[in-house]
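Protein chains in written order, with this note's numbering: chain A, 324 to 606; chain B, 266 to 513.
Just so you know, these hints were derived from the structure itself, not from any lab. The C-beta atom is built at its ideal place from N, Cα and C for all residues, glycine as well.
Listing some non-contacts, in silico: residues in chain B with all C-beta distances to chain A over 10 Å:
id, residue
1, Met266
2, Asn277
3, Gln294
4, Lys385
5, Glu388
6, Leu398
7, Leu424
8, Arg478
9, Arg482
10, Ile491
11, Ile492
12, Lys493
13, Glu499
Here are the computed lysine to any residue pairs in the SDA-like style, where the Cα-Cα straight-line distance is at most 20 Å:
id, chain 1, residue 1, chain 2, residue 2
14, B, Lys338, A, Ile492
15, A, Lys451, A, Val557
16, B, Lys385, A, Leu467
17, A, Lys494, A, Ser483
18, A, Lys468, B, Gln408
19, A, Lys494, B, Ile380
20, A, Lys451, A, Leu437
What follows is the residue order along each chain.
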Amino acid sequence: MDALFAAITQGLAYAALALGIFLTLKIFNIPDITTDGSYTLGGAITAVALSAHVPVVWVFPMAFAGGALAGVATGVIHTRLNINPLLAGILVMIALYSVNLFIMGRSNIPLTDLSSFFSDSSVTNFIKAFAFALVLILLITLLLKTDFGIAMRASGNSESMVLAMGVNIEKMKITGLALANALTALSGSLMVQYQGFADINMGVGIVISGLAAVILGESFIRLAKKSSLLLNIVMAVAGSVIFRVLLALALLAGLPPQALKLVTALIVLSIIAVLKISFRERT
Amino acid sequence: MIKIDGLTKIFNSNGHDIVAVDNIDLTIQPAEFVIILGTNGSGKSTLLNLLAGSLVPTAGSIFFDQKEITSLKEYQRSAFIARLFQNPLAGTASELSIIDNFRLAALRSKSRKLILGNTKSFEEKVKHKVSLLQLGLEEKLHQPIGSLSGGQRQALTLLMATMDNMQLLLMDEPTSALDPRSAERVMELASRFIGELGISAIMVTHSLKEAHRYGNRIIQMDQGRIIKNFNESEKRQISLQQMIEWFA
Ligand SMILES: Nc1ncnc2c1ncn2[C@@H]1O[C@H](COP(=O)(O)OP(=O)(O)OP(=O)(O)O)[C@@H](O)[C@H]1O
Ligand SMILES: [Mg+2]
Numbered sequence: 324m325d326a327l328f329a330a331i332t333q334g335l336a337y338a339a340l341a342l343g344i345f346l347t348l349k350i351f352n353i354p355d356i357t358t359d360g361s362y363t364l365g366g367a368i369t370a371v372a373l374s375a376h377v378p379v380v381w382v383f384p385m386a387f388a389g390g391a392l393a394g395v396a397t398g399v400i401h402t403r404l405n406i407n408p409l410l411a412g413i414l415v416m417i418a419l420y421s422v423n424l425f426i427m428g429r430s431n432i433p434l435t436d437l438s439s440f441f442s443d444s445s446v447t448n449f450i451k452a453f454a455f456a457l458v459l460i461l462l463i464t465l466l467l468k469t470d471f472g473i474a475m476r477a478s479g480n481s482e483s484m485v486l487a488m489g490v491n492i493e494k495m496k497i498t499g500l501a502l503a504n505a506l507t508a509l510s511g512s513l514m515v516q517y518q519g520f521a522d523i524n525m526g527v528g529i530v531i532s533g534l535a536a537v538i539l540g541e542s543f544i545r546l547a548k549k550s551s552l553l554l555n556i557v558m559a560v561a562g563s564v565i566f567r568v569l570l571a572l573a574l575l576a577g578l579p580p581q582a583l584k585l586v587t588a589l590i591v592l593s594i595i596a597v598l599k600i601s602f603r604e605r606t
Numbered sequence: 266m267i268k269i270d271g272l273t274k275i276f277n278s279n280g281h282d283i284v285a286v287d288n289i290d291l292t293i294q295p296a297e298f299v300i301i302l303g304t305n306g307s308g309k310s311t312l313l314n315l316l317a318g319s320l321v322p323t324a325g326s327i328f329f330d331q332k333e334i335t336s337l338k339e340y341q342r343s344a345f346i347a348r349l350f351q352n353p354l355a356g357t358a359s360e361l362s363i364i365d366n367f368r369l370a371a372l373r374s375k376s377r378k379l380i381l382g383n384t385k386s387f388e389e390k391v392k393h394k395v396s397l398l399q400l401g402l403e404e405k406l407h408q409p410i411g412s413l414s415g416g417q418r419q420a421l422t423l424l425m426a427t428m429d430n431m432q433l434l435l436m437d438e439p440t441s442a443l444d445p446r447s448a449e450r451v452m453e454l455a456s457r458f459i460g461e462l463g464i465s466a467i468m469v470t471h472s473l474k475e476a477h478r479y480g481n482r483i484i485q486m487d488q489g490r491i492i493k494n495f496n497e498s499e500k501r502q503i504s505l506q507q508m509i510e511w512f513a
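This is chain A alone, in the form it adopts within the complex (with noise of 0.2 Å):
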């Protein structure tokens, strides 16, 4: 029971990361996985702002910024020098990697005895990840219905359109890069401090996570048959709650922890396949 309560309560603290795979995929249609990088950014400076005893409350700006600026590294890549943006988020992803150890100075930073966003009560934490997860999503719906978002949504849709409405497209997919790497970042932050330590490799792998939680939150929405923003933005979270849940649950069956990204990477695999088919019979 308590894996289980543990798993929804990193399911939440995931819900940044899932908003940002929620923004460059389905929002931008731009393939990002600058992730990696930029999650263990969001942990490594909240590791040596907690160390330096800089308040909680400065933390997650810090950790914001910091992804903001790798998704603007990755963004100027791919559209200044016309590179396709896969190839530039694995350049800042790898970059990245020295950057984060030379934040860290050593390859893992535990936090032991200083005070974080999270506390020693489960209950509290659980809480306290509900309340940010729920912040997150309110102002992310609230963010893509300005006029602002509008542009936003519609840059992901057609390009041809928004260029002849005026649209910076150039600028706004940077801006949409960088908006969803700092939401990346607040997770790494949120998951420095719901561990108790920062590990360089603490982001390997952590893209998959995003992407299932964003098409597990796309299957619930094709099922429901209804859709709006708002519901899709809570699908995202909730996907990212459930998909936690699926591993605690596999581990809580017996599978050896070495197995756990094998068995990641199969569960985004049977997701996909079963939309796909599921999605054919229906067309």
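The hints should help you fit chain B with the ligands onto chain A, whose structure is shown.
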């Protein structure tokens, strides 16, 4: 109002050059509705794309109200140029609702701020405008625009163009994907807006019937050059039969 000087566009494909637009000079006055005819590959779309800014010319310059705009990007020119594409999908954002598409269109020349602009009063305004099309779309403002037919979308794209400042309307075969009835509706609408707003417009078409019926100036292009150029009174003298012979 629009002045083009020695405009040239050379494409390079697989090592050899294609001169798509060849040293064109052209002046278009306010309230002129120019029809462009020409065989496939004669450079019509390229000329329109150069004007819109989606292509950068190899040589030459473009002036708008005496100001040079050659180096302005497409999104910057959108502050005064509206477009209607051949593909009805290109002018709208499919997954966005009709009202969101209109909101974006209303801000074509303005900045898009962090405010909730889709207010009740804005919606009422759009509802009224859309109802003038008499397609019943005013009841579907919150549906994705992608759920509409090509003809409906093209009519809406045209209406969207009138939501904000527009001094030049560029239309590249706007009716070629539409059935005859929808095509006629879109053409009537375009011609009415152009007249009422007193703007300039350029339309590429392969329909000689449309070319004959609409516009107050006609141009024929061939191999990147303008080979015929008739003003309003001259255009009125040209019969449909004569136009057919231009392509013989
Ligand atoms: N992006 C491009 N790259 C290479 N060549 C191009 C490109 N765009 C157009 N061309 C060439 O330029 C010439 C003019 O093309 P354009 O599309 O302007 O013709 P068009 O008059 O619009 O023809 P259509 O009636 O078929 O639409 C053609 O030979 C075409 O192959
Ligand atoms: Mg063409």
